[in-house]
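Participant: The lines below spell out each chain.
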Amino acid sequence: MSLVKILEIALRTGRVTRRYPVEEPLLTSEFRGSIEVDPSKCWGCGACTKVCPPNALTLAPSGKGLVLEYFVGRCVFCGMCAEVCPAKAITVTKKFELASANLRDLRSRVVHEVARCSFCGAPIAAEAELGAVVKATPVAEEYATLCPRCRKGRFARSVALRMGVGGGPS
Amino acid sequence: MDLVRALKAIRRSIWVYHLNSGSCNACDIEVLDALTPYFDVERFGIKLVGSPRHADVVLFTGPVTRESLPKVVRALKAMPRPRLLLVLGSCGVGGGIWWDTYATTGGFSKLEEILREQGVEVDRVVYVPGCPVRPEAIIYGVLVLLGLAEQKVREVEVHAPGG
Numbered sequence: 770m771s772l773v774k775i776l777e778i779a780l781r782t783g784r785v786t787r788r789y790p791v792e793e794p795l796l797t798s799e800f801r802g803s804i805e806v807d808p809s810k811c812w813g814c815g816a817c818t819k820v821c822p823p824n825a826l827t828l829a830p831s832g833k834g835l836v837l838e839y840f841v842g843r844c845v846f847c848g849m850c851a852e853v854c855p856a857k858a859i860t861v862t863k864k865f866e867l868a869s870a871n872l873r874d875l876r877s878r879v880v881h882e883v884a885r886c887s888f889c890g891a892p893i894a895a896e897a898e899l900g901a902v903v904k905a906t907p908v909a910e911e912y913a914t915l916c917p918r919c920r921k922g923r924f925a926r927s928v929a930l931r932m933g934v935g936g937g938p939s
Numbered sequence: 056m057d058l059v060r061a062l063k064a065i066r067r068s069i070w071v072y073h074l075n076s077g078s079c080n081a082c083d084i085e086v087l088d089a090l091t092p093y094f095d096v097e098r099f100g101i102k103l104v105g106s107p108r109h110a111d112v113v114l115f116t117g118p119v120t121r122e123s124l125p126k127v128v129r130a131l132k133a134m135p136r137p138r139l140l141l142v143l144g145s146c147g148v149g150g151g152i153w154w155d156t157y158a159t160t161g162g163f164s165k166l167e168e169i170l171r172e173q174g175v176e177v178d179r180v181v182y183v184p185g186c187p188v189r190p191e192a193i194i195y196g197v198l199v200l201l202g203l204a205e206q207k208v209r210e211v212e213v214h215a216p217g218g
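Listed in order, the protein sequences are those of chains A and B. Residue numbers for the first sequence follow this note's numbering, so the first one is 770 and each next one is one higher. Residue numbers for the second sequence follow this note's numbering, so the first one is 56 and each next one is one higher.
Note that these hints are calculated values from the structure, not bench results. Where a beta carbon is used, it is the ideal one built from N, C-alpha and C, also for glycine. One thing to keep in mind: the hints can contain errors.
EDC-like, lysine to aspartate or glutamate: derived pairs with alpha carbons at most 16 angstroms apart [said to hold, decoys possible]:
#1 B:207 with A:805
#2 A:864 with B:205
#3 B:207 with A:874
#4 B:165 with B:176
#5 A:833 with B:212
#6 A:833 with A:882
A few chain A residues that don't get close to chain B, going by computed Cβ distances all over 12 angstroms [what the hints assert, rightly or not]:
#7 788
#8 798
#9 816
#10 833
#11 836
#12 909
#13 919
#14 928
#15 932
Just chain A, with the same shape it has in the complex:
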């Protein structure tokens, strides 16, 4: 191709370069960036951590309480957490300027209060989740505040009493 022809094509096409740091970035409506967890809506149920392919979202107890941690450095931006969240607390934002000089800055945490069993004191779930469950389903309050083990024990004892076996082990 002759230089004249190349020049002609170049003049016809004009400038195609996006001047990114000065101009707006090219973000389509389908683009998925980092996620944001709304702490006022989040229950701390951990549905997002179960569905997250690279375990970027983790729910683990710590000294402060039940901690939902989001490590954006491992996130694959699939958006499944936002889809599966029962409380609609997770939103997919269009943030992509996530460059950081250390890994610590790539973590964000939501700390939940831990609800404890009213009988034996073992941790059950996040306070917020318990509140949401009681509101959504007609579970008796006394059962809702029990840990699964105590609940089983109490149920077994009531069945045994009904069958006339006696008290049984608590």
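Fit chain B to the supplied structure of chain A, relying on the hints for placement.
Facilitator: Frame of chain A; chain B shown alone:
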């Protein structure tokens, strides 16, 4: 070696070397995309070179597979000081979906320990998450690496209001 002076000297045009440690090629395609006339990083003087010996910055992609580990160490050893690294993609930063498999070392944080054991020092690292990273995110990462742009992300810890 006067490292501080060397880091200041990096204000000239930077030459980058692209090091793939077993990535899926998505990040590599985005690196090429950043070099095309559409995003055109040559307007900042950023140029792709074919050898780590010529490079100021290494564009590091992939979760560091066991097969690539000795080659990665050799390539980084060949780099002149100051060694600047731009770790691209979720694989490089945190291991991605391969963060705990037997076949990878699981991202740059583990590789950094191996490098330290072997006496290879890395002077400055900037992590750029994304799966794959956008060409704009790569440009922004370079700006953060050179200290021309402010880092936007910060560690956040919020307490949820109880039930």
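Participant: Which hint numbers does the structure go against, in order from smallest to largest?
Facilitator: Violated hints: 7, 10, 11; rest satisfied.
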